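K.L.:
Protein chains in written order, with this note's numbering: chain A, 2 to 223; chain B, 2 to 158; chain C, 1114 to 1312.
Hints were generated in silico from the structure; no laboratory data involved. Hints are supplied without guarantee of correctness; some may be wrong.
Here chain B is said to cover these stretches of chain A; the calculated rule only asks that three of the stretch's residues, wherever they fall, bring their Cβ under 8 Å from a Cβ of chain B [to be verified]: (1) 34–45; (2) 52–66; (3) 207–219.
To list a few chain C residues with every Cβ distance to chain A over 10 Å, as calculated [claimed, not checked]: (4) Ala-1156; (5) Ala-1185; (6) Val-1192; (7) Leu-1255; (8) Glu-1257; (9) Phe-1274.
Given the structure is predicted, the values throughout are model-derived calculations rather than measurements. We treat Cβ as the ideally placed atom computed from N, Cα and C, and that holds for glycine.
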Amino acid sequence: MFELPVTTIEGPELFVLEFGDIVNYFTVYTAVLFTFALLFTILVIISRPERQVDFAFGGDAFYTKDITPGQFRFQRFMALACGMATLGAMMSGDVFNFTLFTSMVGITNIGIVAAYRNRHVLNAAFQYGIVAMIATVPLFGSAAIILATTGTLSMWALFGPAIAVPLVAKIFLVLGVMGEGMAPFYVAKAEITRAPGAPYVLMIHVSSLLLFLRVVEIVISM
Amino acid sequence: MKRREGRGTWISRISRTISELENLAGLYAVLFIAVTVLGAFTLTSLIYHDDQLYPKTIDAADPLNPYQRGGTPFNTTDVQAQYPDNSPYLGYVTAYLTPVTRFIADHTPYMGTTIVAHPGGIIDEILYNTRGLDTVAETSILFVAFAIAAHLFRRDE
Amino acid sequence: MEGIYAFGLLAVFASIVIGFWALVRENDDLHRILLTDLAEILALALIALVATDLAEALILPGLVVGISELMAISEVFLVREGLVRQPERMLQIEVMDSAPGLLALALVGYGILLSGFSGGAVAGIGVIFYFVCKGHDERFALLETLSGYAWAMWIVAFFIFMLLPQYWFFGVLIAGAAILLKVAGKMSLVGTMRGGANV
């Protein structure tokens, strides 16, 4: 019943999962992304947080940065949720569902950095959070324009040659993922990664990278 | 060497503006405005598709007005889903009314204004059944946001 | 119909330009939060332009995403600014000591009877009223637990719909009860965070 109309971009589909109107699927391309996301999620579950040490310049003094169990547990939970949202976005077969998982990635990213007490890091989290919030406008806007002009949200129909998705909706979608995944805003990322807690902070990078790869695939296929 | 604000070549001025964290939201907003203005020029090509899923019908005389989709409780009704084959019991939720809802609908003409709030009806059919995964994602988002706020709020106990 | 849609889109696009230009010009962070909340409405307006039952069903997740992000961001803002004020009790009226139990019970009971979204709101108001009058020292852990249960119930309802569609009735009722818990829990948070003693 379900067959991808275009197989040149992402390869043939491997597995189809039907949830009512939302039909999730794996292709060779998305399965690779999914495996990558899964791998990092497992890494997050099993790894211990890094412990940063600050050395005072020109002396023997140093102080270790402490990570309390509460913060550790919370960050692991957020990184896990971020991994789950990334997994959802990778296999989603519906534009609106994809945008929802994308905004979940955005909000979990805020959560990972918001756990720190450093004012500088909190400021970065706040500024990024503002971008993630306004990014929902192009994100949901693109899904809405696609629904209005084509009458469907399912990628199975949208990828077909019969349906032309308007250019502005595609650009909105990319712009929305940019805002949520913070892909081009590496300025803010550098500020954020000053924070201790390596495996969890890495999840921010992994999720935004994977989201971007997926949205490029969606936009090209549409 | 002391850094002087406002000096330097135009490219270093641009890079200084971009690298400031406080300008991040403004930068994104400018980008979005530019795309929107471009989109406004293509407005004539954005034509409403007439054959929509889950169309809305309005019958002002009905007590369930904007949400009357036919059917009686525990029976099915016609629902225009994307993939009806994936939901074998499509239409049952749409037709269902709780006893309280039915009581209100029988006695006042304004049940439709609050029917979304009761279990059953077309909106619940879409939210729980045909597009259930959307609602799962939505609930998870709310749960995660609540966890963030509660953690920040309670961690100093 | 086509003309109306294009006209609506034009209006929303114009609002986007105005709203986001305001964001560009605003430098104060608190005002930025308010402006982003305003800008979120534009996403809902774009969805609403589709004007079908599906659009109506998509508005709910859109709205919830906006509210969730606002909740998280404003909490980050409060922590960053160190705004932890402990307000003293503003109001002390005799009836506030005697009435809350009964009134809150009535509101929560009626909310459960209504069930669903508006039921959650009514029950939530009952809980708020109780908290305002009686204080809410140890209640947050309870609300967090409640929110977790609501989430789990929702997942159960989803799997009933997907795997056992013949039991759709239980799915609807479980989801209805979960949304009742969820909305009641969230509503009762309104105005109680950052207030009161030792929370």
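K.L.:
Honestly, which of those hints from before does the structure not fit?
P.N.:
1, 2, 3, 4, 5, 6, 9
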